[in-house]
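Numbering (our numbering) for the sequence shown: 1 to 1015.
In short, the hints are calculated from the structure, not lab data.
There could be a bad hint or two in this list.
Simulated pairs of lysine to any residue, SDA-like, Cα-Cα distance not exceeding 20 Å [stated by the list, open to error]:
#	residue 1	residue 2
1	884	216
2	845	973
3	845	727
4	477	517
5	756	781
6	845	748
7	756	771
8	477	510
9	884	835
10	884	24
11	604	642
12	488	525
13	676	651
14	477	494
15	676	707
16	477	526
17	845	873
18	756	733
19	845	912
20	884	772
21	756	740
22	604	568
23	192	124
24	604	580
25	676	692
26	477	487
27	845	743
28	756	772
29	506	481
Pair by pair, the computed Cβ-Cβ distance ranges are [claimed, not checked]:
#	residue 1	residue 2	range
30	348	323	19 to 25 Å
31	489	437	44 to 50 Å
32	104	295	26 to 32 Å
33	326	295	20 to 26 Å
34	85	489	22 to 28 Å
35	23	437	48 to 54 Å
36	183	761	50 to 56 Å
37	489	96	32 to 38 Å
38	23	733	17 to 23 Å
39	505	217	44 to 50 Å
40	606	684	35 to 41 Å
The structure displayed is predicted, hence computed values, not measured ones.
Glycine residues also receive a C-beta, built at the ideal position from the N, C-alpha and C atoms.
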Amino acid sequence: MEKQISGSTVLGQGLLRGLNLRPEEVDRTLLMFLVYTMTSIGLIWLELSTVGLFLDQYGAENLPWIYIASAAIGSSLGVVYSWLQKILPLRQVIVVILLLMAVPLFLFRVGLGLKGFAIAGLSIEFITLFLMWLWVEACYLLNDLNTSITANQLFNIREIKRTYPLVSSGFLVAGVVSGFSLPLVLKIVGLKNVTIVSGVMVLVGASILFYLAQRHQQSFPDSSRWTPEDEQPEFSSRNLKGPLQGYVIPLIAFFVMAEVLYVLVDFQFFSQLEYQNQAAGANSIVSFLGIFEGILSTFQVATQWFASSRLVERTGVFATASILPAGIVALGTFSLIGGITGLFTVFLGFVILRFLDELFHYTLIETTGAVLFQPLPDNTRSDIQTLVNGVFEPMSTGVSGFLILFILALSHWLLPDEPASQFESQQSLVFVTFIIGLSLVWLLVVLAIRTQYVSLLVRSAERGRLGVTDVNMRALKRSVAETLSQPKPDADKRSCIELLSQLDPKNVGETLVPLLEDLSPTLQRQSLEIMLNHPNPSYLGEIRALSRRALPPEVLALALRYIWLTETEPDIEQLRPYLQPQVDPVVRGTAAALIMRRGDREQKAVATNTIRRMITDRQERERVMGARALGEADYLQGLRLYLDDLLQDESLRVRCALLDVIASTHMEEYYPSLVKALAYRSTREAARQALVRLDNEAIPLLIAVAEDIHKSDLVRLQAWNAIGDIGTIEAIDTLVNHLMGAWGTTRRNIMRILLKIPDDAGIEGVLDRIGRSGVETLIEQELMFMGQIYAALIDLSLLPTATINGESISGDLSESQSQSPQQLLGRALRGLEFDAIERVFLLMKFLYPLGSIQAAAFNIRSDQVGNVARGLEILDNTVDIASKRSLINILDRHSELEKLEYLAPLIPYRPLKPSARLRRLLELRHFLSDWTLACCFHLARSAHWSLTAEQTLMCLRHPTGFVREAVLAYLRIASRRALVELLPMLQNDHDPLVAAQVAQMMNELGVNGASIRSS
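Generate the whole structure from the sequences, applying the supplied hints.
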């Protein structure tokens, strides 16, 4: 039985890894997938039955008016959706929308049965079918919008990257199910009753969504979205100038062309379908559409799951975006030739064209579309995306309707006397010609976007935005080369080199080598340092020619290193002239290190003598360069004898250089020197960099420092920072493991370090190892700790001098001397509350966008009521943890008693006597700050409250001196007998203040330390 359970667990974990899901995401993802699938099945049934009935009764010539009307109804329903969010909570809005989608579907069945009735000369049946088609388009828009908004509420920004592709594939799965099942549905219920079945499916989706919204209420804000009245929209015409405008215009054209071509192909497909099935009737049309939809959706699911992302990775965004327009041009030309020559019918060509358009429009174009918005500045990206997808795409459907009317009129004008049978075929060829022409324009638009895309990326590099993917390397290198060859500031050129080194580090020399001679020495040095990371023998000739020119010593040293590290059979004798004393120490040290690495025994002996003379020279620069040369040498031979003297060198630069030598040569016997150097301000940074260079080898050393409670907080912080800078999987594992058990300042420091690790590796490491549920557990720990703080404030009747929104949290020692122990403890507890709230905000940054959490924290800490409300509203619309309501109420301006009531689900409050509450606080001493602990003993001393022996003795061993002072002061009042026994043990305390206090007490009490020790 246990083997079966473990086997199923392994199988389930393997399935989750295959789907790229985490266990806590499965429930929400599955329910969202079911909602989207059920509603889409109903809508696809409705669409296909509507198309069949409309084409059978009224033909395809009326479709342009539907396209025009659908553009207007799409925009108006978007306004209705926004209005509903203002009057209802979001979790109700998403369900109401599905109900509104379903209700008209039952009414349409009534309209289809009224054949003999008419309004204004139009039959009720025609009006019903017209409205049904419009409602289908509107329902698709509402369903997609509803699904997108719900998913954004249920999943945070990191979860949605994994879950939304699976959720969105519900539409494709629905296409398979509904397509193949539609013929069976027609046999069971009949064509006109499909509207009722569709309505039932939408209601099923609504019921699942209602259950989902109730089960995850914390994911939805209770109030309407906050829109600040005094804040101007980020998107305005002034943002669209220069290169940005040159990119946005073709970007809009890209999506408009995609929609226009989709509608044109859609219209001609239905026209040909009507022409081919004039005698067969509506049932035949609907059955064909069902089978076509089933086959198409099967291919769409396979493409979306297994091909889209891989195709983008291997060919790039723009090659992928060009597949559909290029395919339309090829198939359109194929259909045009077949129609003219009569080799095959135009209908077959449009069936293939519709299949291709549907297949790639909802897979490749949807996949690449979001990437095209990435070069836009952060402050305008979302607004431009809303403008393109929410305004121009619906408008382009209406434009397509007018274009179809124009092509129909043009066809009648060009072919006035053609017979009806031939006119239909010739008209189709006119449409094919327009489709081919528009597809060629679409390809030109893709080319224009690609050119501007690279230009914006180069400009983004100047602003430090180097996180770029899917770039056309050839165009980027050409653009970088043009920038480097122009008379521009070195800062601009430096950013271009950095961009190129990040995107294509192995082939960076291909662009930089031809330009090296014309670059400034600073840029030459930067270029050679980057090229040395991936040296290529192909450029040896150019680098050797460069080294013969008059170069600054730093550049010449790098050139020599590149040549003799890249050459397969180097002639080391050519480096001998660089060992002469008159050569600059930078070049001399580099040459000596290269000879020691690749020379024979005699050559190494000469280089060793050169470095020996350098490290024993009186001039500091000689010693520094000699020490650096030691780090580049593979074998130090007899030079190890000088390391101890160099570690004691009077020059700080020499000592720091030697720390790097220890790391680069992995001399384990000198690792304690690295740790020791971490404690001194002058060598701290060099020691930290050296330890980082040791990579995983340094982690045990750093952990020993970080866990040593007798080290200063600054030194321990430097150790944690060094582990974060190492950034390997092992380092992240170490940080996450200590995050779970650490508290207070240590936990805060570890979280800050994890959040700063590049590429969100620290964030993903936390979520991979402890998951979302683990982060929520840590948040609940902080909330429970705050509950203990509020209970202490109430039971001890402490009068705090500040709140979390106030200016003062904890005072200095001069202020504390004039305050009572009660007030001091109150201030200390308020400081703990402030620290706990800060840690909660840091924890939330692992789950939600950093900007939103930062904005909420900034506003909540404000003194102004409006700003606090703004911060709480941001949290309400961002956070979806189970304890969200408790957290928001704690951050609001409530009394301590009210906050405890909100925390009751996590930590019930039971009033205690003041002395009992103080003892309870001391039981939590590992969670208290040093100052709070000392205040507890000061209050116990002044109030004459008894504490347990265990609490007293444990705090007497505390590493912080003023805590031990407070315990001794308490013992003087509470138990002189115990104090007399303990004082001799403390007279050699390492803290001089504690030692002086102990000596004073021993004199006052007449305690003889020597006699007691001897006895």
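We went through each hint and held it up to the structure:
no., hint, verdict
1, 884 / 216, "holds (11 Å)"
2, 845 / 973, "violated (47 Å)"
3, 845 / 727, "holds (19 Å)"
4, 477 / 517, "holds (18 Å)"
5, 756 / 781, "violated (23 Å)"
6, 845 / 748, "holds (12 Å)"
7, 756 / 771, "holds (19 Å)"
8, 477 / 510, "holds (9 Å)"
9, 884 / 835, "holds (19 Å)"
10, 884 / 24, "holds (17 Å)"
11, 604 / 642, "holds (17 Å)"
12, 488 / 525, "holds (18 Å)"
13, 676 / 651, "holds (17 Å)"
14, 477 / 494, "holds (14 Å)"
15, 676 / 707, "holds (15 Å)"
16, 477 / 526, "holds (17 Å)"
17, 845 / 873, "holds (17 Å)"
18, 756 / 733, "holds (15 Å)"
19, 845 / 912, "violated (36 Å)"
20, 884 / 772, "holds (14 Å)"
21, 756 / 740, "holds (18 Å)"
22, 604 / 568, "holds (18 Å)"
23, 192 / 124, "holds (14 Å)"
24, 604 / 580, "holds (15 Å)"
25, 676 / 692, "holds (15 Å)"
26, 477 / 487, "holds (18 Å)"
27, 845 / 743, "holds (18 Å)"
28, 756 / 772, "holds (19 Å)"
29, 506 / 481, "holds (17 Å)"
30, 348 / 323: 19 to 25 Å, "holds (21 Å)"
31, 489 / 437: 44 to 50 Å, "holds (45 Å)"
32, 104 / 295: 26 to 32 Å, "holds (30 Å)"
33, 326 / 295: 20 to 26 Å, "holds (23 Å)"
34, 85 / 489: 22 to 28 Å, "violated (48 Å)"
35, 23 / 437: 48 to 54 Å, "holds (52 Å)"
36, 183 / 761: 50 to 56 Å, "holds (52 Å)"
37, 489 / 96: 32 to 38 Å, "violated (58 Å)"
38, 23 / 733: 17 to 23 Å, "holds (19 Å)"
39, 505 / 217: 44 to 50 Å, "holds (48 Å)"
40, 606 / 684: 35 to 41 Å, "holds (37 Å)"
Hints 2, 5, 19, 34 and 37, counting from the list given before, are not met by this structure.
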